[in-house]
Amino acid sequence: MKTKNSPLKFIIPGALIALIVAAGLSYLFWPRWSSQLFYITGEEEPLKQISGGVQYLFTRLQPPLKTADMVPVQYADFPPFGVNTFLQQEVEPQKRELAMKMVSEAGFRWIRQEFPWEDIEIHGKGDFEDRRTQPTQSAWKKYDNIVDLAEKYNVQIMARLSNPPAWTRAEGNAVGAFAPPDNVKDYGDFVEAVAQRYKGRIHVYQIWNEPNIYPEWGEYPISAAEYVKLLKEGYTRIKAVDPDAVVVMGALAATIELDRQRREGISPGGLSDVLFLQQVYDAGGGDYFDVVAMQGYGLWSGPYDRRMQPRVLNFSRPLYIRDVMVRNGDAHKAIWLSEMAWNATPPDSGIPPVYGSVSLEQQASYAALAYERIQKEWPWLGVANYWFLKQATDQELKDGNPQYFFRLLEPDFTPLPVYQTLKETNNLTP
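Quick note, our numbering runs 57 ahead of the 1-based positions in the sequence shown.
Just so you know, the hints here were simulated from the structure itself, not pulled from any lab data. For every residue, glycine included, the Cβ atom is placed at its ideal position computed from N, Cα and C. One thing to keep in mind: the hints can contain errors.
[Claimed, not checked] As a list, the in silico DSBU-like pairs of lysine-lysine whose alpha-carbon atoms are at most 35 Å apart:
| # | residue 1 | residue 2 |
| --- | --- | --- |
| 1 | Lys286 | Lys296 |
| 2 | Lys455 | Lys152 |
| 3 | Lys198 | Lys182 |
| 4 | Lys209 | Lys158 |
| 5 | Lys480 | Lys199 |
| 6 | Lys433 | Lys105 |
| 7 | Lys256 | Lys198 |
| 8 | Lys199 | Lys182 |
| 9 | Lys182 | Lys209 |
| 10 | Lys480 | Lys105 |
| 11 | Lys256 | Lys158 |
| 12 | Lys256 | Lys242 |
| 13 | Lys199 | Lys286 |
| 14 | Lys152 | Lys182 |
| 15 | Lys182 | Lys242 |
| 16 | Lys199 | Lys209 |
| 17 | Lys123 | Lys105 |
| 18 | Lys182 | Lys256 |
| 19 | Lys256 | Lys289 |
| 20 | Lys242 | Lys289 |
| 21 | Lys198 | Lys289 |
| 22 | Lys256 | Lys480 |
| 23 | Lys433 | Lys123 |
| 24 | Lys289 | Lys182 |
[Stated by the list, open to error] DEER-style ranges, computed between Cβ atoms:
| # | residue 1 | residue 2 | range |
| --- | --- | --- | --- |
| 25 | Val369 | His389 | 24 to 32 Å |
| 26 | Lys296 | Ser91 | 44 to 52 Å |
| 27 | Asn230 | Glu481 | 40 to 48 Å |
| 28 | Ser406 | Val111 | 29 to 37 Å |
| 29 | Lys296 | Tyr113 | 37 to 45 Å |
My request is simple: use the sequences and hints to build the entire structure.
Below is the structure:
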């Protein structure tokens with residue numbers, strides 16, 4: 058008696074043949090596919106690239122963000138190459154000069170340099186002497202030196218104006234060392250003093266840093282409306298002294314937090330950068346800045362990660378900020394990245410990689426590719442300041458702080474691979 062052949066006799070071999078063919082094609086073409094997937098997902102490992110590619114497909118199904126790429130944008134045509142410096146930490150003037158020299162040699166056109174209020178108006182209102190050590194000297198002295206060096210090496214300064222002294226608050230540092238002053242007029246007086254002293258020499262000022270997260274707003278609940286009061290005070294004081302100066306909004310920290318109040322063990326405290334910016338506009342803050350600033354950390358993926366979700370943090374985050382700006386009538390204003398970097402915390406260091414972790418080689422490659430993407434794809438993004446040149450000491454390393462592993466130079470000025478790569482890249486780009 059004749060029996061029917063089971064379909065499985067043909068399906069199973071056919072499936073095996075298809076799998077073998079697919080595996081062969083993958084082996085032949087995977088290098089090309091992998092490269093293409095990197096420029097979509099920012100991932101380098103095959104499984105992460107595949108899952109990232111699927112996530113990207115969902116991104117493509119979302120309504121497009123408004124970026125208004127064809128609108129002329131003011132302050133976006135500057136050379137993008139900048140770096141954060143802590144030159145005020147260097148005690149010896151010759152070290153400040155070496156740092157500035159290495160900034161210039163690496164092709165950086167900008168430094169984002171803090172002018173800490175607590176280090177300039179140290180002991181009380183209107184007191185610009187430094188009596189912390191003897192002999193007494195002008196608190197302006199090292200900042201005058203920094204400005205002199207910037208001019209000598211043809212580097213522009215973005216002056217970050219933050220970190221109030223304890224005397225500006227009735228409760229001192231009990232409400233947080235970075236908390237805003239009780240009276241915004243005190244901040245205005247300080248900002249005006251800086252602008253008066255360096256008029257015609259410093260052209261860009263930044264009003265605060267990361268006002269949307271703890272601890273940069275102290276122990277107070279995050280409030281865009283309260284920040285706008287500070288922003289307005291700083292903006293109007295600077296413009297009264299130097300109408301041509303560029304006033305940059307305090308850098309928005311990329312975060313998905315929604316709890317404005319820090320609660321120990323429950324919430325770190327913060328408000329989404331996207332929501333905070335909208336609330337700045339709602340509070341009338343759009344009239345009091347020339348440039349929006351934000352942080353541009355790549356964290357766990359490379360600079361070409363195009364996956365877009367409001368609760369996902371990656372290097373594409375500026376697209377969300379740009380969308381908010383365009384919807385609020387600010388398409389003509391630029392975004393600057395106050396900080397941009399990938400962290401290279403060694404896996405065997407025992408230090409938690411809270412900022413992500415890449416190899417030194419990836420750190421170097423990603424930094425160069427980040428500048429490449431900015432210049433190729435984002436005509437509305439101006440200066441991008443790498444975080445950071447160096448610290449004066451290795452105390453952060455001793456403290457187990459992963460921030461240390463963002464550096465371009467060791468405290469003794471030994472360059473990391475990322476410095477060498479950016480030196481080659483920045484100097485090649487006109």
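Verification of the hints:
no.	hint	verdict
1	Lys286 to Lys296	holds, 16 Å
2	Lys455 to Lys152	holds, 22 Å
3	Lys198 to Lys182	holds, 18 Å
4	Lys209 to Lys158	holds, 9 Å
5	Lys480 to Lys199	holds, 27 Å
6	Lys433 to Lys105	holds, 25 Å
7	Lys256 to Lys198	holds, 16 Å
8	Lys199 to Lys182	holds, 20 Å
9	Lys182 to Lys209	holds, 32 Å
10	Lys480 to Lys105	holds, 31 Å
11	Lys256 to Lys158	holds, 23 Å
12	Lys256 to Lys242	holds, 20 Å
13	Lys199 to Lys286	holds, 30 Å
14	Lys152 to Lys182	holds, 31 Å
15	Lys182 to Lys242	holds, 11 Å
16	Lys199 to Lys209	holds, 15 Å
17	Lys123 to Lys105	holds, 28 Å
18	Lys182 to Lys256	holds, 22 Å
19	Lys256 to Lys289	holds, 19 Å
20	Lys242 to Lys289	holds, 11 Å
21	Lys198 to Lys289	holds, 28 Å
22	Lys256 to Lys480	holds, 30 Å
23	Lys433 to Lys123	holds, 18 Å
24	Lys289 to Lys182	holds, 21 Å
25	Val369 to His389: 24 to 32 Å	holds, 28 Å
26	Lys296 to Ser91: 44 to 52 Å	holds, 51 Å
27	Asn230 to Glu481: 40 to 48 Å	holds, 44 Å
28	Ser406 to Val111: 29 to 37 Å	holds, 33 Å
29	Lys296 to Tyr113: 37 to 45 Å	holds, 43 Å
Of the hints listed earlier, there is not a single one the structure fails to meet.
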